[in-house]
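Could you build all of it, start to finish, from the sequences and the hints given here?
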Amino acid sequence: MPALLRKLVIFAAVDGLILQFPGNGLRHNGNSETSSIRIDYKTGRISSIPAYPADQDERGPGLEAFGLVGLLNVASYSFLISITQRQQVAQIQGKPVYTISNVAVIPISSQEDASRAISQAKEQLLQGDDEQDETASEESLSDVETEGEEVDISSVPSSPVRETYHARGHSVSSIAEDVIGKKARFGRFAANWLSRKTLGLPGFGTVGQNTEDPSKVSNQSIELTDVNKINTEATTAEGDTSLQKTTGQPSSADPTVELLPKLLRYTKLLFTSSNFFFAYDYDLTRHIAGQRLALNSHLPLHKIVDELYFWNKHLMAPFITADAHSFVLPLMQGFVGQREFTVATAPDHQPTRLDNSTQGSSEGRILGEKHEAQASGADVNKRNFLLTLISRRSVKRPGLRYLRRGVDDEGNTANNVETEQILSVPDRDSAHNIYSYLQVRGSIPLYFSQSPYAFKPVPVLHHSTETNQFAFDRHFRALSQKYGKIQAVSLIDKHASEKKLGEQYEKYAQALNKSGGIEGAPLGLEWFDFHNECRGMKFENVNRLINSLENTLNEYGDTIVRNDTVVRGQTGIIRTNCMDCLDRTGVAQCAFGQWALERELKQEGIEIDLSGDSSTQWFNTLWADNGDAISKQYSSTAALKGDYTRTRKRDYRGALNDLGLTLTRYFNNIVSDYFSQACIDYLLGNVSTQVFKEFATEMQTADPGISVQKLRQNAIDTSCRIVISEQSEEFLGGWTMLTPRQPNTLRTLPFEEAVLLLTDAAIYSCRFDWNTDKVLSFERIDLRSVTRINYGTYITSILTDTQTDKRGNVGLVIEHREGDTNALRVNTRSLQSNVDTKTLDSNATSNNEWDMYSWFKGAPRSKTQFIAFKALPLSNSVTQTRRSSTTVSEIDWVRAICEEIERAMKAGEAPRPDSDDHEGSSIIEASDIISLEDAKARTGILEHLVYDIKKLVWA
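Count the sequence shown with mature numbering (1 follows the signal peptide of the UniProt record, and there is no 0) and you get residues -16 to -1, 1 to 939, in order.
In short, the hints are calculated from the structure, not lab data.
One thing to keep in mind: the hints can contain errors.
Listed below are the simulated SDA-like cross-link pairs for lysine to any residue, each with C-alpha atoms no more than 25 angstroms apart in a straight line [what the hints assert, rightly or not]:
| id | residue 1 | residue 2 |
| --- | --- | --- |
| 1 | Lys758 | Glu450 |
| 2 | Lys790 | Glu713 |
| 3 | Lys758 | Leu808 |
| 4 | Lys586 | Gly556 |
| 5 | Lys466 | Asn497 |
Each pair of labels, with its calculated beta carbon distance range [said to hold, decoys possible]:
| id | residue 1 | residue 2 | range |
| --- | --- | --- | --- |
| 6 | Ala59 | His928 | 25 to 35 angstroms |
| 7 | Thr305 | Asn527 | 48 to 58 angstroms |
| 8 | Glu517 | Glu48 | 50 to 60 angstroms |
Note that the Cβ used here is the ideal one computed from N, Cα and C, for glycine as well.
Here it is, written out as structure tokens:
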């Protein structure tokens, strides 16, 4: 991205939305680039055009933007997200670095809509500082004010009305001010997410309301005037501010359209949370030693950046496809902070050499930040330094706390963040040393989860040893390829609920080292029981960890760049984790950063003890701001233990502050995070729009990092090995399907995902433990006892449109007679596993109205039984991102299973139990299992009430 690009102009023309750089052209590294593009209103396609010469009367008002976040496409709707406010937070090697303070969401549906949104965005930019600060507070990503409730807004920086430059020697809008000095108030309830505040999107934010005063409508007005057709374009009606008012009917039945207002709201909140950073001519995604690639390349910046930290790549895909490279501005989520400080030294000291000799070194003392040092009248030599802290949040396995834990199939871990601490001089002088020290944090690389509904959730391990070991090894090998040697540091407890997970961590690390380690180098693992070692709020005891790893730290070293050449490279990395990789990890990483800074100052000839220097408050605050930023991005609140990180002191007020944050996290975990996670996955391109249909049905979404297909195939393979005991039986097929919890019933909620196996002799229905990959129980049904197979519509709920869709809700029922060859076995983890088949009748004593259906009536209850299966959706939000459509429908898939069972019966020449049937007749019947009408008649008011309450809170 060329340094010349600081602003672009967006205006609505008759033939499309025009994006234009000032001037007639733009050059980047000698290559001409497109200076103007058009986005078509109807198709949303991007096309290059020459400098737009249209008269002002042919186009709407223009909006100056500092760059683009990207183009958001949802179903048939498109929205351009542009950066309207920015704030400079640092300057690295003479290159300014900015954070996004505000964005405009412009609907691309018509000139009228776009013009109105642009005009209202401009009006907002002209508002006073007080109004803007108030708006920023109301639009906090994690703590939105609600009527009658007090919330904590102190940890969110205000967004400046105009671009503001802060001197490097001063604090840069701390993400969280000192929690001791603030009278923090906490509380967040369901109403905040359902608030009718429009966030600049009145058409969606005021559904079901009448907005009588149009002047109070915020920026980017959007209305849907035709919700009966999904493919109609979004249009704006100034006097009509609700979907219900437009149509006289409830809003569209399409969950994607219903949730679109909330998606836009979250998108705006996300990108205005001061957690996204960019630079026009510096690669924020790479550490200091990797900048040579950008300096020596003639490629656009977006082709140089590390895709691991390129957060808006998916949103920028339309611009990249259209070769509009000048408009592609890579964004990094994380943290960027900078402080300039002054060190007083003796007059005759000289920097040490790189061999760590102490020639010319002298004891120094920090006078504080530069503006503080200037006020000091000390008659000593003063040296100015610049400390920059950059945290880069990975786009792999992204998301929120309890919804993204552990590792995925590719070896990516949740909350994976690379943090770089850079020590340099304020004035760019390539002859001076630039020091860079890297650390990483990330979740324990094992498959595990924790329930969001408990204050102290117990970690639950998932999957087999082989599956975990494969992902574990893959993670550390990828880490080693990037950083070299690895020293893992685990800060979890050595007792209570965390102990088991820590022991497994050690177990898999030992297995990795026994197999040869990582390219011959062993993986180091230090288990430091943080809470035990630092009990009594004595967090300074974390220095014991530093001392125990001192040899490793010295071996890995840091990176030194001089004259744009890497003089020495860091040879290894410290990888730190606790349970969330937030609070304990933040304290430990701050300690490692302090060790690195002391070492680097020593190489500059300055002996100093930062922990005992009262003037290093700025260092603690910088790291505390970093911890709060990462914490907000993962848990929606500031970090715990932030008072110690800032002040090196811990008292009851800090503990009370942490209690408030814990309660806020708890609410977010069980309510808000589910939809937020769906939005994050969609904005990153990991899922399709079907994610919103899944959310509307289940109020939660699947994990795109975990291959459901692989898990289900593994369950089928495991079940085959366990339950098919006769070697003479030939395995013919296996499927995973939903089944009622109780046997001989059609609807006992919740349904469980079970494994259906078919051999040439029997059918096996296996109950499977998906956490441990074990078979809990199975029922064997001899093919000779099968009397009838029915398939058809199988509706078990009518609460959402997806659940009432006859095409997607189908299943099969297998009727069979009792027989000596049938059996039910339960894994009791003891010597006894047999269960008498008569217990099947006792388990089915519920005899409710769902356990019998038309063709089954009249059959002897004691002699005839059945098992029911419902088909799982053949496609979901993850698979739809990889293929355009499903080739086989659910009904065809279920019918194929029925035919496979019948072929197995005939191939085995199993005698037909019904003597009246003609030879060759089929036992398969196509009829409703539970029709839509029956489901409606039998769904009680309580079910509707529970769902409505859940939808009110979650959606």
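(request) List, from low to high, the hint numbers that the structure doesn't satisfy. (result) 2
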